[in-house]
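Assemble the whole structure, with the sequences as input and the hints as a guide.
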Amino acid sequence: MHSTAYCQAVEQAAEITVPARGRYIRTILLELERIQSHLLWLGIAGHIIGFDTVLMQAWRIREPVMWLCEKITGNRKLLGMNLVGGVRRDIPQEIHAELLQVLAGIDKECKKVLDAITTDTTLFMRCENVGRISAADAVALSLLGPTARASGIGRDIRVDHPYAAYAEVGCQVIVETGEDIWSRVVVRMKETLEAVRIIRDCLALMPKGSIMADVTDRIPAGRIGLSSVEAPRGETHHFVITGEDSRPYRWKARAPTFQNLQGIPVMVQGENIADVPIGLGSMDPCFSCTERWETVDLRSGRVRVYSKAELQELCRKRYSIR
Amino acid sequence: MFKAKLKEAIICFSNPRVTLPYPFGPGNPVVEGFRGKLDIDETKCIGCGGCANVCPSRLIRFYDDGTVTRMQFVLDRCTYCGRCAEVCPEKAITMTQQFETATDDKSDLYIEQTLYMATCARCGRCFETTNSIDKIPTRRQRQGRNYLGPAMPHGAPAGAEGQS
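Protein chains in written order, with our numbering: chain A, 17 to 338; chain B, 10 to 173.
Simulated from the structure, these hints should not be mistaken for lab results.
Watch out, some of these pointers could steer you wrong.
[Claimed, not checked] Ranges between beta-carbon positions, derived for each pair: (1) Ile257/A / Asn62/B: 14 to 24 Å; (2) Ala151/A / Gln81/B: 53 to 63 Å; (3) Arg67/B / Glu287/A: 43 to 53 Å; (4) Arg67/B / Lys268/A: 15 to 25 Å; (5) His177/A / Glu137/B: 46 to 56 Å; (6) Asp50/B / Arg308/A: 25 to 35 Å.
Fair warning: this is a prediction, and the values are worked out from it, not measured in the lab.
Note that the Cβ used here is the ideal one computed from N, Cα and C, for glycine as well.
Structure representation (structure tokens):
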């Protein structure tokens, strides 16, 4: 996800064209990631409201996707497939049959689970009309991804600014107008099914040829690149200024969670305390591992570890918060 | 309500256990091509520094001390991308199947190796690692005209060039 965004930004800066097959493989991997992320979220959401059956079942459905990713790329997560100019490994013809079989399984199981939980009144009572964010608020707070789409805002980078192979295979924007947690569940489940459709189309349309552009020259310094990718949680933007020696001079990434968190005050207003965890969880927040930060001076080899308190202090200084 | 619970029960009961008996069961839970902890074969390494150049975490460092080249791998920063293994011209670096790398001692994730530099026969200065010199299928310069030692790395029989 982030590696795609970064590579696209550098490719834009250096004016590198990625071969078609490389773009298709990127699309397939992005959608596999979306499937596993949405299924993982469904399990977590079920766990938060005390419905652990759905946790077990969603993760069981998800597991074949992880095994497949491991087979294709060499790891379950952190696929490490992107390089500036294309992708590192091909998806050979032998894996296509297995991929399609796993997708058929996901498709069937997701529909079964969706069918079972849509009539479950216990789940409905916890999710319907809880954690509401109106469409007007969603626009005002610039919410992204499934959170915005569940409030009736049809925002999707895949359609608005197509990248990789999305212009060729197309993508249906899933919009629900319920504005509550239940809509977010439905949006994510339908997006999983849409992702299955996209991967199938990609496999059918994937052209033959090289997967890497021929990047032999150094990347020119002082160029600017900006790219956006629709991550499972929303939009990810990467901004790069290229520097000397084919290394970045400046790099800024904006992940969707920070933007989505701005919706929390609106969401929890007037709600019960017990609904706050699932409200927060319905945005699929990623409080990444930023409590510890290690810097290494490459010349002297000196390592300095910043603690959580030091990071907070730095952050406050940077944004002048006292 | 009852119908939904019934459907959920059917989903649960119609699927067998999928968890692996790890760590008590037989077999390795990772597939072929898995990128685990990296391993380096110092007999193959020629010290070209390609791995240090591509490493995104820049955890591979080279120190040229004149007579030896020291290489440090600080693997606690490794992201297991496997780029080093991919670019290594001698296939000295391999990604093993080892995934149980959690440790409370950082020195477990530290590899250091020393490559000896060959000395120039004329000026006596060190100029290249011995591993890369050994690749060259002639030993007449260094071992003498009638060298009859073990076979050459590239398949030339021992002493072959000495007979011409």
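### Message
Under the constraints set out in the numbered hints, which ones does this structure not fulfil?
### Response
none
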